[in-house]
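Undergrad: Here is what each chain is made of, one letter per residue.
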Amino acid sequence: MKASIIYLCLFLYFIIGSLIARRAGGKATGDINDFFLAGRSLGGIVSALTYSATTYSAFMLVGLAGFTYIGGVGALGFELIYLSGLVLVAFFGPRFWLVGRKYNYLTPTEMLGDRYQSKAVAVVSAVAAVIFLIPYSAVQLIGIGALLEGISGGAIPYLVGVGIAAFIAVYWTWTGGLKAVAWTDSLQAAVMLTVAILSVIFIAYRGFGGFGGMFSQLETQYPSWLAVPGPGFFNINTFVGLTLPWFFFSLSNPQVSQRLFVPRSLGQMRIMVMGFLVFGFIYTLVSILWGFSARLLLPDLAIADNATPLLLGLDVVPSVLALLVMLGISAAAVSTVNSIILTLSSMVCRDVFKNVSKENYESKELLIGKIFVPLFTVVIVAFATLRLDLIASLSVASSAGLLVMVPALIGAFFWKRGTAAAVLSSVIVGGLVATILQYGGFRPLGYWPGVWSGLVAVVLFIVVSLLTRPPAGKADEFIGYLKDELGRRKVV
Amino acid sequence: MSLEKQRLAWVILFVILVLAAFIIPFTPLLSGVTRVYGAFLFWSLFAIVVIVCIGFITARWGENDEG
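Chains as they are written, first to last, in the numbering used here: chain U, 560 to 1051; chain B, -7 to 59.
No false leads were slipped in.
No more than 20 Å apart at the CA atoms, straight line, and that leaves these computed lysine to aspartate or glutamate pairs for EDC-like:
no., chain 1, residue 1, chain 2, residue 2
1, U, LYS1042, B, GLU55
2, U, LYS1033, U, ASP1043
3, U, LYS678, U, GLU924
4, U, LYS1042, U, ASP673
5, U, LYS561, U, ASP874
6, U, LYS1033, U, ASP673
7, B, LYS(-3), U, GLU1044
8, U, LYS661, B, ASP57
9, B, LYS(-3), U, ASP1043
10, U, LYS913, U, ASP590
11, U, LYS975, B, GLU(-4)
12, U, LYS1049, B, GLU(-4)
13, U, LYS975, U, GLU1044
14, U, LYS1042, B, GLU(-4)
15, U, LYS1049, B, GLU55
16, U, LYS1049, B, ASP57
17, U, LYS913, U, GLU924
18, U, LYS1042, B, ASP57
19, U, LYS923, U, ASP590
20, U, LYS975, U, GLU1036
Below, a sample of chain B positions facing chain U; criterion: calculated Cβ distance under 8 Å:
no., residue
21, LEU(-5)
22, TRP2
23, PHE18
24, LEU22
25, SER23
26, VAL28
27, PHE32
28, ALA39
29, VAL42
30, GLY54
Honestly, the hints are just simulated from the structure, not real lab data. Yeah, the Cβ is synthetic: ideal placement off N, Cα and C, and Gly gets one too.
Only chain U is shown next, with the shape it has when bound in the complex (with noise of 0.2 Å):
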């Protein structure tokens, strides 16, 4: 595909989403609140589809397509159950959003911090998600880089692909905060969605007749990738440890648990969670079809990664669907990108700054914040330049990096006598031990990095607390606030 056709399509996309962003974000209010959770008063389907957004990124076409190319249909139980953890949005959407509007959370570690008693427990949080979150994000931008670099042929090099992307997300992050993240969310969702559906209508009619077509192809051709372990990539321990961290994603994963304090009421969240559901549920479903077409298609890739951008060549996708193809993954990771720079920007003021600065800090906090979004980008470019790993292991490790605030969250909600040292040792340990496994390729009994940082995480926070006093006042009133206001509502 020409270079120049794809740099008009990307400048495009660019304008229509800043004329988008700047309409969103309005005028500039000064409020935090309304910079970093657009004054919480979200309604419900944008929610979902910035909720949708963030959530699936460039990983789905790339990553889980390679997936089901190599190990087969493994790769769709692996996502459908990490949709199914949204039932943890059912439990814990409400307290998030409850507590979040008592008692003026910015982040979700801001929570933690006050549930805990323990500015410590804020900065390690937010320190830990820093830590975790930009090799997640440095790997959309690789995602993009190698796409338009591949798709391209080699006329747009890697960094300008890296560099686009970037400029893409800080800019309109920049322009109105999460009103304007979430309103170009919602063109990018409906982006992505609709040309994957299309794309993978257009493969199955041109290249297999039909679905029906491609399934007996697959069942006569690649029979044993329609089964686990099937090829023999999904084994027991490899299913356990890619799935795990990714149930619990919609807690661990700060830039997803924040946006359980925006809708503007319990209604517009309940919307915001079933319109996820059935969004993720058709992205999952055409990301493993396309995965198996290119496996009919183009039998003999040595690297699964490179299955969708050469799918993308073949005739059975017109070149104009190619293109708005390409567009879709761009979208799919500027939109996963933005997000996350938006949160760890949010954490970094409210949770590292404020606790260690000394007075008048609150005119400063949204400056601080702002400034926060460009550096953070920058750091996120060059992780990206080092090009570390395969796409998909980079997602996960920061997934099971990310795990470890499980025990904590869950703790806050239902436990009393959960405590701020169990929060900094679990976080701190499990962490270590998630950095450790993962860098070293180590795999004890065989199980994956996530399986152990999550155990290790569940037992130093029960075990600590049970030898260390808890915040007993704060927790009474916490939760006891959520019990009447549930009971209330009549809210499970």
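Knowing the structure of chain U, use the given hints to seat chain B on it.
TA: Structure of chain B alone, referenced to chain U:
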């Protein structure tokens, strides 16, 4: 049924559902079925059941909204 009992019932149901999604496709029941009506259909139905259940859990969220 009290809210606590409802919550417990949903938690138990979801633990069973999610464990089944992890285990059943790897058992002889499905691991030898190399057809689209094997693990592919099983996990798709699992997701649909989950979506319907979450629809029930969240059904009363909007009833007492006052913003």
